[in-house]
Every structure is written in structure tokens, then in C-alpha cells.
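J.: Listed below are the residues making up each chain.
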Amino acid sequence: MNLGARQMSVTASEDQGFEALFTAEYARVVGIANRVLADPHEAEDVAQEVFIDYHRLHSARAEYGPAWLHRAAAHASLNRLRGARRRQKREFAQALEEGERAMDPQKQAELNEDRRRLREALARMAPKPAAVLVLRASGLSYAEVAQALGVGIGQIGTLLRRAEATLRKEVTHGTSN
Amino acid sequence: MAHLTDGTLRRMVDDPDAKAGADAAHLAGCAECQARFQGISDDAHSIATLLSVPEAKVDVARAFDRVAHAPRSLPAFGLRLPLLRPAARPLTLAFVAAVAAAALVVVAFAANGFFFQPSTVRAVPITLSDVQALAQLSQYGTLKWTKEPQLQVTPTAGEAATVSGMQPPTVAKLPAGVSTTVTYGAMPQAVATFTFSADKAAAAAAAQGKTLPKMPAGMDGATLTVTIGPAVGEVYGDLNRPQPSPDVTQMNLPRLIVARSVSPTVTSTQVSAADLESYILAQPGISAELKKTIQAIGDPSTTLFIPVPVEYGTSKAVTVQGVDGVALGDNTGVGSAVVWVKGGHVWVVAGSIKQTEAIDIANNLK
Chain A
3 MNLGARQMSV
13 TASEDQGFEA
23 LFTAEYARVV
33 GIANRVLADP
43 HEAEDVAQEV
53 FIDYHRLHSA
63 RAEYGPAWLH
73 RAAAHASLNR
83 LRGARRRQKR
93 EFAQALEEGE
103 RAMDPQKQAE
113 LNEDRRRLRE
123 ALARMAPKPA
133 AVLVLRASGL
143 SYAEVAQALG
153 VGIGQIGTLL
163 RRAEATLRKE
173 VTHGTSN
Chain B
137 MAHLTDGTLR
147 RMVDDPDAKA
157 GADAAHLAGC
167 AECQARFQGI
177 SDDAHSIATL
187 LSVPEAKVDV
197 ARAFDRVAHA
207 PRSLPAFGLR
217 LPLLRPAARP
227 LTLAFVAAVA
237 AAALVVVAFA
247 ANGFFFQPST
257 VRAVPITLSD
267 VQALAQLSQY
277 GTLKWTKEPQ
287 LQVTPTAGEA
297 ATVSGMQPPT
307 VAKLPAGVST
317 TVTYGAMPQA
327 VATFTFSADK
337 AAAAAAAQGK
347 TLPKMPAGMD
357 GATLTVTIGP
367 AVGEVYGDLN
377 RPQPSPDVTQ
387 MNLPRLIVAR
397 SVSPTVTSTQ
407 VSAADLESYI
417 LAQPGISAEL
427 KKTIQAIGDP
437 STTLFIPVPV
447 EYGTSKAVTV
457 QGVDGVALGD
467 NTGVGSAVVW
477 VKGGHVWVVA
487 GSIKQTEAID
497 IANNLK
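So the sequences go chain by chain: A and B.
Position 130 of the first sequence, counting from 1, maps to 132 under this note's numbering, and the rest follow consecutively.
Position 4 of the second sequence, counting from 1, maps to 140 under this note's numbering, and the rest follow consecutively.
Derived from the structure by calculation, the hints contain no laboratory data.
It cannot be assumed that every hint is accurate.
What the hints assert, rightly or not - Result set (EDC-like, lysine to aspartate or glutamate): computed pairs, CA atoms no more than 16 Å apart in a straight line: (1) B:478 to B:460; (2) A:171 to B:178; (3) B:193 to A:41; (4) B:193 to A:172; (5) B:336 to B:356.
To be verified - Some chain B residues well away from chain A (every beta-carbon gap over 10 Å; in silico): (6) 196; (7) 342; (8) 344; (9) 405.
Claimed, not checked - Covered stretches of chain B (chain A as the covering partner; in silico rule of three or more C-beta atoms under 8 Å from a C-beta of chain A): (10) 139-151; (11) 411-417.
The C-beta atom is built at its ideal place from N, Cα and C for all residues, glycine as well.
All chains, full assembly: derive it from the sequences and hints.
T.: Written as C-alpha cells, this is what we have:
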């Protein structure tokens with residue numbers, strides 16, 4: 003095999019690996035970004051940028067692939083949340099969850115206000131606790147969160163608690179269960 | 137036994153199995169910890185409710201198609217570094233980041249007719265669609281390296297200076313947390329020519345199902361000569377850690393990269409400035425925002441464009457060493473960079489540091 007052919011075959015195998023990684027992780031990466039942005043379209047934009055970045059710089063077969071993607075999704079979406087344009091956007095349109103539609107309008111308004119304030123507070127928070135909270139809320143296990151952020155699994159509880167305590171102070175009503 | 141920590145109690149909220157052993161026994165008999173557990177549990181549930189969102193429905197196949205057609209590397213006009221091959225990491229990757237930032241990212245479409253040599257920098261907003269449209273331009277002709285970029289990693293500043301003909305920049309004071317382990321890199325000058333072809337452009341556009349604006353008279357067969365480097369720089373951080381590592385902090389980009397490059401130049405004897413700029417901006421997929429920004433800049437032939445993804449990164453104009461510069465990123469420490477042009481060189485300071493730290497390093501760079 004000459005050098006050119008070998009290069010092509012490496013590229014082909016790399017592309018297949020990337021497609022497998024994409025198929026396995028895309029929904030979860032979108033889920034993480036959507037958790038932060040509460041906007042499925044913007045979340046897909048973020049997810050696609052994250053995959054493009056990954057593909058540009060890393061091997062699709064690297065063991066750290068999923069962990070890298072999870073972390074990048076959290077950081078990229080939190081960055082968007084911090085972006086100037088985003089802050090100017092006054093309204094926070096979120097579709098209501100099942101079960102919330104029956105709430106009285108006053109309660110719904112309070113819940114939406116709290117969701118908006120929570121995301122503002124999330125944008126101000128230090129990157130690490132914010133990312134821990136987002137990844138955990140997106141359904142990652144403690145072990146997966148630890149791997150994504152490169153912290154010890156023993157720290158996850160502490161970081162989660164810190165993030166939740168900070169956020170809890172920022173929202174005043176509508177959160178009692 | 138001491139009271140349970142907040143972290144332990146928080147974990148018990150999520151994991152019923154954690155409520156076993158000595159910790160569980162303590163909790164069962166300690167009213168104070170029970171009260172704290174209740175508070176922590178309430179907070180966790182409140183925040184979970186506020187963070188809940190309707191699930192995003194995704195079409196994975198369609199999304200993959202979109203991503204698969206995105207360009208793999210940014211520089212347009214085919215200036216894709218041979219160094220970016222998958223085999224070339226991780227050491228080279230860091231230098232690609234450093235030297236590419238200083239020498240390469242920039243050149244592409246700012247080529248303004250007869251002679252382009254930047255003496256200042258400007259951030260321009262760029263969308264994914266812009267990147268795709270610009271990358272498409274690389275198929276409108278033939279790229280030839282007359283002098284290929286040859287990046288070299290050297291253990292000492294002296295060798296890097298020999299390769300590039302310039303001294304690597306010296307950082308006056310490293311921010312706390314940045315490793316003092318330093319690796320040098322250098323690249324001699326590289327030269328490429330790009331020859332436009334109306335036939336290739338039409339074929340490339342047809343393959344994408346797009347209609348092109350008409351190529352201006354004289355552009356078919358016209359050649360741009362692009363010169364980049366020489367460049368020299370250094371990376372702070374231990375680059376030799378084993379990869380892949382389960383601990384992903386170790387595959388972070390290095391903490392700090394500092395590099396300088398002789399300003400890139402683009403020359404052409406056949407294409408006029410105005411023609412090239414309007415042809416590029418007329419490409420399908422170029423956003424209105426990018427068009428407006430470029431057109432608003434009076435003389436693009438002396439401006440280095442730093443593409444900043446819209447809503448993804450933030451950028452602002454700063455003064456560095458008495459000249460205009462662009463600062464990217466923010467103050468969270470996730471990442472920031474400063475780029476400026478002075479004395480015929482493009483300078484870059486970048487890393488996982490705060491923006492204020494990056495600006496401080498830039499101002500004290502020698």
C-alpha cells in the first residue's frame with residue numbers, strides 16, 4: 003500500500019468511528035445543551051459545533067471521546083448563556099412540562115420567572131459547579147460527571163450541593179414542592 | 137462520630153445505596169444531620185424542577201449529515217495544515233493551535249487584491265454557514281505549496297530561534313497555576329499559491345447544488361500567492377502526559393501558548409481588491425452580518441480578520457502594547473486569547489487563563 007492509500011484508509015476508518023460516536027452520543031449532547039439553554043434548536047447548534055470541534059482535533063476512537071463531548075457541551079452552552087446577546091434577550095420562552103399546564107396562571111408565571119432567574123444565576127456561577135449541576139441534571143451518573151470534568155468522584159456530591167445552595171438563594175418562590 | 141458532610145448527604149439524596157454502613161447509622165440517630173439532609177434534599181428537588189425542560193427531539197441522521205459536511209479545519213483557500221493529520225497529536229496539536237493562530241487562521245479571504253499585509257486586527261462575527269461557505273472556496277481552484285509549512289518542536293529557545301530566525305517571546309511573569317514546563321516550536325516561512333479556476337468552481341458548486349455568482353473577468357486562472365511565517369512560540373504545560381487518559385483534565389489544551397509570526401501576506405497580480413472582496417462576499421451561505429462587518433471596514437488590505445463564532449465566543453477591542461488588539465474569551469478561566477499586530481508581526485497569547493491575565497501577559501511580553 004502506498005502512502006496515499008494508507009492515508010485514505012486511515013481517514014475512512016476515522017470517519018466510520020466518528021459516525022458511530024456521533025450516533026451514540028448526539029442525543030445526550032443535545033440534551034445537556036438543552037438543559038442549559040432551554041431551547042432545542044440552539045441546543046442542536048451547540049451540539050453540532052461541539053462534534054465538529056471534536057472531529058477536527060481528536061480521534062473518534064479515543065477512549066475519552068464521550069467524556070470530552072459531555073464536558074464541551076456543558077461549557078459551550080454555559081458560554082452561550084453568558085453571551086451578551088443572550089443576556090439582552092428579555093423573554094424566556096419555555097414550553098411547559100406535562101402536568102404544569104394545569105397550574106393556575108399566577109403559579110406558571112412564577113415558575114417561569116424562577117427558571118429565568120435560575121439560568122441567569124447559572125451563567126454567573128463558577129464553571130465547575132455549574133457544569134457538575136448541568137451534567138448531573140442531564141442524567142449522567144456520578145462516575146460519568148467525574149470523568150467528564152476530571153474531578154474525583156468523591157467531590158461530585160460537594161460540588162452539586164454547592165451549586166444547588168447557590169442557586170436556591172437566587173430563586174425565591176414557586177419552588178416548594 | 138463527626139457529622140456527615142454536605143457532600144455525603146447530597147449523595148444520599150441521589151443514591152439510596154449510599155445510605156448504608158456507618159454514615160447511614162449516623163444519620164438514623166442524628167437529628168441535626170436529618171434536618172440538614174431534609175434541607176439539602178429539598179434544594180436538590182427544587183433546582184431539578186427548575187432545570188427540567190421538555191426533551192429535545194433530534195433527528196440524528198440529519199444532524200450527522202450536516203456535521204459531516206462541515207469543514208474539518210478552518211482556514212479557507214485550502215490552507216489546511218498538513219500537520220493536522222490525526223497521527224500528528226498530541227504534541228503537534230498544541231503547536232498547531234499556537235502557530236496556526238498566529239500565522240494561518242487569518243489569511244484566507246482577507247486577501248485584498250494586489251497586496252495584503254495586516255497592520256492591525258479586527259474581530260468579525262462568523263457563523264457555521266460562513267465557515268462552510270468559505271471552506272467551499274478552497275475548491276474553486278488549485279492550491280500548491282511551493283514551500284510547505286514545516287513545524288518543528290525544539291527543546292530550547294535557541295534552536296527555535298535558529299529555525300525561525302526570531303527569538304521566541306518571553307513571558308515576564310506566569311499567572312498562578314500555569315506550569316513552568318515549557319516547550320518551544322518554530323516554523324520557517326511557508327509559501328502557497330492558489331490558482332482560481334472557473335471550471336472547478338462551477339463543478340464544486342454543482343456538487344453542492346448551489347448557484348454561484350459570476351466570477352469577475354480575469355479571475356479565472358488568476359493566482360494568489362500566500363506567504364505565512366516564519367513563526368515561533370512556546371507552550372507552557374506538560375505536553376508529554378500519556379494519552380488517552382481517563383482523566384480528561386490531562387487532555388486540556390496547554391495552559392498557556394505564546395507565539396509570534398511575521399505578518400502573513402497575500403499578493404496577486406491579476407485580481408483587483410474590489411473584485412475579490414465582492415466575489416467572496418457574494419458566495420451563497422455568507423451571512424448578512426459578516427458581509428456588513430467586512431464592508432464597514434474601510435481598508436481590509438491592512439486588517440487581520442479574527443473569525444469569532446457568533447454567540448459562542450465573545451470578543452472585544454483592547455489596547456495591547458500601545459496598539460489595537462482583539463481579546464477573545466472571558467474571565468471564567470475556561471479560555472481566552474489576545475491577538476495583536478505590532479512591528480510587522482502577529483502576536484498571540486492564548487490559554488486556559490482569565491482574559492485579564494492574558495492581557496497582562498500580552499502587555500508585558502518581550
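J.: Run every hint past the structure and note whether it holds.
T.: Outcome of the hint check:
1. B:478 to B:460: Holds. Residue 478 (chain B) to residue 460 (chain B) sits at ~9 Å (cutoff 16 Å).
2. A:171 to B:178: 13 Å, holds
3. B:193 to A:41: 11 Å, holds
4. B:193 to A:172: 30 Å, violated
5. B:336 to B:356: 10 Å, holds
6. 196: Given that some Cβ of chain A is not farther than 10 Å from that of residue 196 (chain B), nearest at about 5 Å, it is violated.
7. 342: Consistent with the label, residue 342 (chain B) stays out of reach of chain A, its closest Cβ about 23 Å off (over 10 Å).
8. 344: 18 Å, holds
9. 405: 33 Å, holds
10. 139-151: holds (count 9)
11. 411-417: violated (count 0)
Hint compliance for this structure: hints 4, 6, 11 are broken, all remaining hints hold.
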